[in-house]
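K.L.:
Once you have looked at the hints, place chain B on chain A.
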Amino acid sequence: MATIKKDKEAELQELLDKRQYWWWAEQARSPRIDYLRKAVWSKAPKGSAYLPGTKICEYGPIMYAEVFDTYDAKLEPYMVTWSKALAKVNDEMPCFIVDQARLVGYCGSAPHKLFWVPNGAYGLNEDFFNDKDDLVDEEARPEVAKAMEILKPYTQQALTERLLDKRMKIMARTSQTYTGAQHLENSAYCTSQWTYYNKGYNAIIAEIDEHLKKGNEVLYKLGGLPDFDQEYHYLQRMDNWKAMKTTLESEIRYAKRLARLARIIAENFETDPQRKQELMDISERCEWCPANRPRNFAEALQFEIIQTQCRKREKPDGTWPSHPDWWFWEWYEQDVMKDKTITRDDAKEYVCEYLIRAFEYGNCRERQARTLTTGDPGPYVWTLGGMAPDGKLTYNDLTNLILESARLVRVVSPTYALRYNKDMPKDVLKNAFECIRHGLGYPNIRNDQILIQSQMFWSGSPLEDARTWTAQACIVPCPETKNGCLPARYSASALLGTKAVELAIWNGFNPVFNMQIGPKTGDVSEMKTFDEFFEAILTQFKAIHWQAAKMRNIGRYVEEYMGKPHLSATYERCVESGLNCFQTREYGNNWISTYVWMDGMDSMVAAKKMIYDDKKYNWDQVKEMLEKNWEGYEKERMEFVHTPKWGNDDPYADDLIVKMHERIRDDVCLPCGDWGTNSQGCPTAPQCVAAHTRAGILIGALPNGRRLGDTCYDGGCSPGYGFDVKGPTAVLQSVGKLTHENMFRANLLNQRISPAQLVGDKGFDLWESYIRTWCDLGINHVQFNCVDNETLLAAQKEPEDYVELVVRVAGYSANFTTLNKRTQDSIIARTIQEI
Amino acid sequence: MADQYEGEKWFFPFEDDPEKGDLVERVIDARCAYWTSKPMNKSDLAAGIKIGAPVK
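Residue numbers (this note's numbering), protein chains in the order written: chain A, 1 to 835; chain B, 1001 to 1056.
No lab work stands behind these hints, which were simulated from the structure alone.
Everything numeric in this text was worked out from a predicted model, so none of it was measured.
Worth double-checking, as some hints may not be accurate.
Claimed, not checked - Each computed BS3-like pair below joins lysine-lysine, with the alpha-carbon atoms no more than 27 Å apart: (1) Lys-1038(B) <-> Lys-18(A); (2) Lys-1020(B) <-> Lys-256(A); (3) Lys-1009(B) <-> Lys-88(A); (4) Lys-482(A) <-> Lys-392(A); (5) Lys-1038(B) <-> Lys-276(A); (6) Lys-166(A) <-> Lys-1050(B); (7) Lys-88(A) <-> Lys-1042(B); (8) Lys-38(A) <-> Lys-1038(B); (9) Lys-8(A) <-> Lys-276(A); (10) Lys-38(A) <-> Lys-821(A); (11) Lys-1042(B) <-> Lys-256(A); (12) Lys-1009(B) <-> Lys-1020(B); (13) Lys-340(A) <-> Lys-5(A); (14) Lys-1009(B) <-> Lys-256(A); (15) Lys-1020(B) <-> Lys-276(A); (16) Lys-276(A) <-> Lys-1009(B); (17) Lys-550(A) <-> Lys-152(A).
Okay, chain A solo, but in the shape it has when bound (with noise of 0.2 Å):
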């Protein structure tokens, strides 16, 4: 036995010496784990298409379109009416166990299916029953058909574009400046707030039972005193706290349903007895939890599951907030280091497939939004560790735990966000580096005192609540408290930056689409000095910027006008103020995400060094370059791209670039008027998913060298590809150089690092000393890729042999070889810094 265990770990050891990080994965898990990880139906899109097997789940429309289409639904408030729809799909879509599972709780009806939201976007209900890949099961089509005409004056999409302008609805459309808007995209963002709801519903239901009976006093008391003001107050609020509470009652209903099919299994089918009491132990944590507030560490995760998944019903999240070391660390303290109930590798097992049911999830999102995130279901950051409220460094043995079950699983989503701290334990930084070298691309390492800084700057948050900060996105933070916890994202109505330095070239035409689409801001080959040139750029950003914000202000006017039952049911302040979601709003959370933003920066500067300081060309010579897309004009094309570039630490470009964030911050954020009462303006947030790959054809050529149909530069302040020739140093330098406290919400920076020379403790010790450099300039994020070409070519070509590669694309993660080409090659044609 002994020696049989020995080749185990010769063997292991053998495929991490050889780097081969997916296939030790694979051995090193348990069969359970094993099982399942195969098991699981990924609902990453490839492109835009699901991958083969996916459908869409018909009971969301089908039973959605039962409860909008009776009389109350035409007389009750929306977010009553929406709960009613939330209770019938809790009540009757199907659910399922998978084998071997002691986790159970999924969005759809079967295990293949996304759950179908459908009062998003009508667009997006079209475009799912028409899908060429037949998403929605031929027996259903009729039914889905009359549903699908039923909800369309219900849609989100429906009620905003009644109140946008035809200029609005073009631009949404035709993503030509924005890459969509949230009620095209059926998706938004959220924050949790676990340390409220985790008392359990029930008790949740008895506060909002209080506040009915208040309110049934001040409106129905026969005998009582009339008061119009308190009249007014109440019937404000109680459809509100009704809706609250039906979907809360619902969810209970729902996890009961999943205890009895637990208990049925157990009792009549199943023989093995091992199995017979995990059925039984799933059944007693689902008649408890979410009712009630969890006893152990299994039941803590088990309630999490059930409440993101209903959540996930009532709207796709475009991420999934969660801080679990914090969150869960209470019950796997008492569990596994005091009580001892269950061992450190019972409780990996858990997290394990804590994480693989977070997998399975997948967003119900329009086209567009599945190209961004190509490769990954999410994407979902979860934040680990980071400094409390007190200001004391919070990290635990559960930060290591699930940084080492995140190597076995290998899944796209959840991803990490590693709140980093120079004082912070090593062990868990190493862990966090063990990751990286796993070539998993995460965590993503944050710098916390200055996201904490730039919460505060932003937001107005208290500096107690700004350290509660979690991943809300990909890179931005919200708090996670009473008054922080914001119910969405508007990013939606995101856009392409470097759009502006296109249409400054072209006085606000735009080439690629052929639209007058920008301000006139002056026919460049009259402007005589650059300055004139980059407050055109200006001008065109604050124009796209402004219209963004603009929609996304219409577009949450129209979101609370529904509400949101289950996310007002999980904040403490709506359960307390009877308001939903969309009405609070004490610390706004407010930006526009910037795609693809750094090739117009780089424009920006290669046209101020040929145009206006050496004279070498003039603008109707470049506009003919770029209008010919540099065909024939390779030589010229080479000039411009030899111009100074970001990353290099070359004041040139970065002094350029730095004052044009500035201008940007106080000429085009601060003045935008958003609705947080404590918050200041509304921020750019530069990263771009995979925005960069598909805005290649969106964005024509530059004075970068970029031609039209060229991939962009991704990240939000990356380098662009092979243009940072001058080291790891180099581009930390000119990183460092913008303020991320304050001249941007949050911005992405991608660094691809040489595997070969992180092995070991030597290893660790190099990127350690690295990331106490980025910190020291006060960068606030960085991310890595540490996968070699070899490996990385080598799958390109059998791509079967490397199902669980996994690569960092920009914000999220992915199976390398889900990937289409043009965004696998971008990450081959990264630079490699050796540190």
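P.N.:
Here is chain B on its own, set in the frame of chain A:
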């Protein structure tokens, strides 16, 4: 486990209302095996659906 039940269905009545219950089915798809249940009225059951537990 229980692969002999693939594709079979059973109706398990609710304790408090035997006219309603869960239709339980064993499914094996391309990736995984699972049990699924859906609430329904006894009167809507297709012919041949077994009521209660299988004969062990």
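K.L.:
Are the hints correct? Go through all of them and say.
P.N.:
These are the hints, each one checked on the structure:
Under the criterion of a C-alpha separation no larger than 27 Å, the hint pairing Lys-1038(B) with Lys-18(A) is inconsistent with the structure, at around 49 Å. For the given pair, Lys-1020(B) sits about 16 Å from Lys-256(A) by alpha-carbon distance, which is consistent with the 27 Å threshold. Restraint check for Lys-1009(B) and Lys-88(A): the C-alpha separation of about 23 Å stays at or below 27 Å, so the hint holds. For the hint linking Lys-482(A) to Lys-392(A), the alpha-carbon distance of about 20 Å falls within 27 Å, and the restraint holds.
Between the alpha carbons of Lys-1038(B) and Lys-276(A) the distance comes to roughly 21 Å, so the proposed pair stays at or under 27 Å and holds. Between the alpha carbons of Lys-166(A) and Lys-1050(B) the distance comes to roughly 59 Å, so the proposed pair goes past 27 Å and is violated. Distance check on the hinted pair: Lys-88(A) and Lys-1042(B) sit about 19 Å apart at the alpha-carbon level, within 27 Å; holds. Taking the CA atoms of Lys-38(A) and Lys-1038(B), the gap is near 26 Å; set against the 27 Å cutoff, the hint holds.
Our distance criterion of 27 Å between C-alpha atoms is broken by Lys-8(A) and Lys-276(A), whose separation comes to about 30 Å. Restraint check for Lys-38(A) and Lys-821(A): the C-alpha separation of about 24 Å stays at or below 27 Å, so the hint holds. Note on Lys-1042(B) and Lys-256(A): the hinted pairing holds, with a Cα-Cα distance of about 20 Å set against a maximum of 27 Å. A distance of roughly 15 Å separates the Cα atoms of Lys-1009(B) and Lys-1020(B); the hinted pair therefore holds under the 27 Å criterion.
Between Lys-340(A) and Lys-5(A) the alpha-carbon distance is near 26 Å, which keeps this suggested pair within the 27 Å criterion. For the suggested pair Lys-1009(B) and Lys-256(A), the alpha carbons sit about 21 Å apart, so the restraint of at most 27 Å is met. In summary, the hint linking Lys-1020(B) to Lys-276(A) is supported, as the alpha carbons are separated by about 26 Å, within the 27 Å threshold. In summary, the hint linking Lys-276(A) to Lys-1009(B) is supported, as the alpha carbons are separated by about 20 Å, within the 27 Å threshold.
With a CA separation close to 24 Å, the supplied pair Lys-550(A) and Lys-152(A) stays within the 27 Å bound.
Of the numbered hints listed earlier, those contradicted by the structure are 1, 6 and 9.
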